[in-house]
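> As given, the protein sequences belong to chains A and B, one line each in that order.
The numbers in the numbering used here rise by one with no breaks, and the one at position 35 of the first sequence is 83.
The numbers in the numbering used here rise by one with no breaks, and the one at position 53 of the second sequence is 276.
Keep in mind that a hint or two might mislead.
Claimed, not checked - List time: in silico DSS-like cross-link candidates among lysine-lysine, alpha-carbon distance up to 30 Å:
hint: 1; chain 1: A; residue 1: K294; chain 2: A; residue 2: K338
hint: 2; chain 1: A; residue 1: K359; chain 2: A; residue 2: K338
hint: 3; chain 1: B; residue 1: K239; chain 2: A; residue 2: K338
hint: 4; chain 1: A; residue 1: K294; chain 2: A; residue 2: K359
hint: 5; chain 1: A; residue 1: K338; chain 2: A; residue 2: K211
hint: 6; chain 1: B; residue 1: K245; chain 2: A; residue 2: K338
hint: 7; chain 1: A; residue 1: K102; chain 2: A; residue 2: K294
hint: 8; chain 1: A; residue 1: K359; chain 2: B; residue 2: K239
Source of the hints: derived by calculation from the structure; they are not laboratory data.
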Amino acid sequence: MSFATSLLCRECGNETELAPVNACDFCFGPMEVTYDYAALRGRVTRERIEGGPKSIWRYIDLLPVDGEFVVDLGVGFTPLVRADNLARRLGMRELWIKNDTHNPTWSFKDRVVAVASSRARQFEFDTLACASTGNLANSVAAHAARAGLRAVVFIPHDLEVGKIVGSAVYRPTIIAVDGSYDDVNRLCSELADNRWWAFVNINVRPYYAEGSRTLGFEVVEQLGWRAPEQCLVPMASGALFVKIHKGISELAQLGLIEETPVKMIGAQAAGCSPISTAWAAGTTNIRPVKPATIAKSLAIGNPADGFYALKTMEQTGGAGVTATDAEIVEAIGLLAECEGIFAETAGGVTIAGLRNALDQELLDPERSTVAFITGGGLKTVEAVEGALAPPIAVDASVSSFEDAYAAAGAR
Amino acid sequence: MVTKRVRLTFEGEAVKEPVIYKMGHAFQVVTNIRMADVEHDFGWVILEVEGEAEETQRCLDWVESLGVRIDPLAGDIVEG
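With the hints as constraints, model all of the structure from the sequences given.
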C-alpha cells in the first residue's frame, strides 16, 4: 500500500482525498500529494531501498502508487557520472552528471509518466492523454502500450513528421490540432474537464510531478547517501526543479541522510526564460512569454510551477540563469567532447547554464555539484548538425589518406 | 451552462481597465475572482466564468481582443 494520504493545496492548505484533480476546489491553487511521513520513518531504510529493483520503483514506498498498479518499463536508476574532464575545463573540483538519457524513451519524462500511468491504472482510467511536441508524447505512448491503455496524443498541426515518429511507433491515436499552441492548451484543458481520460499533466498532474522526486532520491543514493551541495537543473514548467529539491529534503526528513543545505540553480534558454527573468527582476510574478528558442523541450512560456521554483531558489540561496541558443549548441558539443554524453538541447541549457552560473559566481567551483541531463541528443540532431566539422574526404588510397589527414591537422 | 476556469494576464494599459466589470455587463456571464495579484503595470487573475457556452466563449474572445492573455489554470499544457 502507498503511503500517500491525501492531496494538499499548495496555496491555501485545503486537503482532499486522493483523486484525479489538479486544482483546489476552494482557491483553484495547485494540489500536491502528501504522505504519512511518520509511518514512512518506520518503514523506509537505506537497506530496504538498496534491495529494490534498479529503477524508480526501488522508491515505491515514497511514490503515490500501490504496487499492483505499477507500469514498469525499467525507468530510472540512470548513471551518475563523475565528470572530471568537464570539471577541469570549467575549473570545478567535483562535478557529477546525472545522465537521464538512459531512460526507455531517452528522457526524464519517463519518470513522471511512469508514476502518472501507474496512478491512472489505479484510478481505473482506460486512456492516457497528453499534449506534446516530443519527449512527453514519446513516453506517454510507450507507457500506454506497456500498460494496455489507450493513448491519445495531441500535437500542433504544423509539427514536423520526424518529431512524431518516436510516439507514432507505439500506435497511439495522434490528433493534429489546427491552431496555435495556445489553442491546443485550451482544447486539452476543456477535454480534461469533459472526458474520463488521464491527461498526465492536467488532471493527474499531482501524481505525475511526484515522479521527478526520484531524480533527487537517486542522486543522494548514488553519492553514497549524501546530498550534493549544489544542483544545476534545466527548467520548463519549473516542476522538475522544485521536485528534485523536495526529494532530497524528504530523505533528510526521513532520517536517511544528514540535513545539509543544497543550493538550487535553475537554467532556462534565453529565448524562453520567464522564471529566470523573474528571479533576476526580484519578483515572484511570472510574466508569460512567447517561446523563441531551439530548446523546444523547455519551451513553456507560462510555467505552472514557476512561482514555486522561485520560492525554492529563495529558500536555498539559489538562482535562475539563462543560456543563448549559440551557448546551448556549444555546450552540447562540450559535454559530448569531454564526457562522451550526447544531450538534447535541454542538456545544452544545463551545461551552458552551469558555465554562466560559474561566471556570475552564483556557483562555488569548490563545492560538489550535480548537473542534470534530461534527454538524449538524437532527439534534437538538427540543433547541432550545422556546428559539426564535416568528414575529411579522401580517395581510397593510403597516400590520399595521409595527405588529407595531415592537411586537416589531425593526429 | 458551462463554467470555465482561466488565468488572465494583464500588462501595460490593460491593467487599468475594468475588464472584469465589463465582462459581467456586456455579456450574460457571471464572473468570480478566486486569486489575483496586481501591480502597477502587470497583474494576473484566476477567474471563474459561468454562462451559456457560446456566450462564455464570446466573452473570453472579447477579453483576448483587448490584449489580455488567457491561459488554462494548469499553465502551458503542451510540453516538449
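> None of the hints should be skipped; say for each whether it holds.
Verification of the supplied hints:
1. Taking the CA atoms of K294(A) and K338(A), the gap is about 29 Å. The hint holds against a cut of 30 Å.
2. Proximity of K359(A) to K338(A) is assessed by CA-CA distance (about 23 Å); at most 30 Å being required, the pair is judged to hold.
3. Of the pairs offered as hints, the one joining K239(B) and K338(A) holds, with about 23 Å between alpha carbons and a cut-off of 30 Å not exceeded.
4. For the proposed pair K294(A) and K359(A), the alpha carbon gap of about 12 Å is at most 30 Å, so the pair holds.
5. Annotation: proposed proximity of K338(A) to K211(A) holds, straight-line Cα distance about 21 Å (limit 30 Å).
6. With a CA separation close to 27 Å, the supplied pair K245(B) and K338(A) stays within the 30 Å bound.
7. In summary, the hint linking K102(A) to K294(A) is supported, as the alpha carbons are separated by about 21 Å, within the 30 Å threshold.
8. As the CA atoms of K359(A) and K239(B) are separated by approximately 28 Å, the hinted pair is consistent with the 30 Å bound.
Checked against the numbered hints above, the structure breaks none of them.
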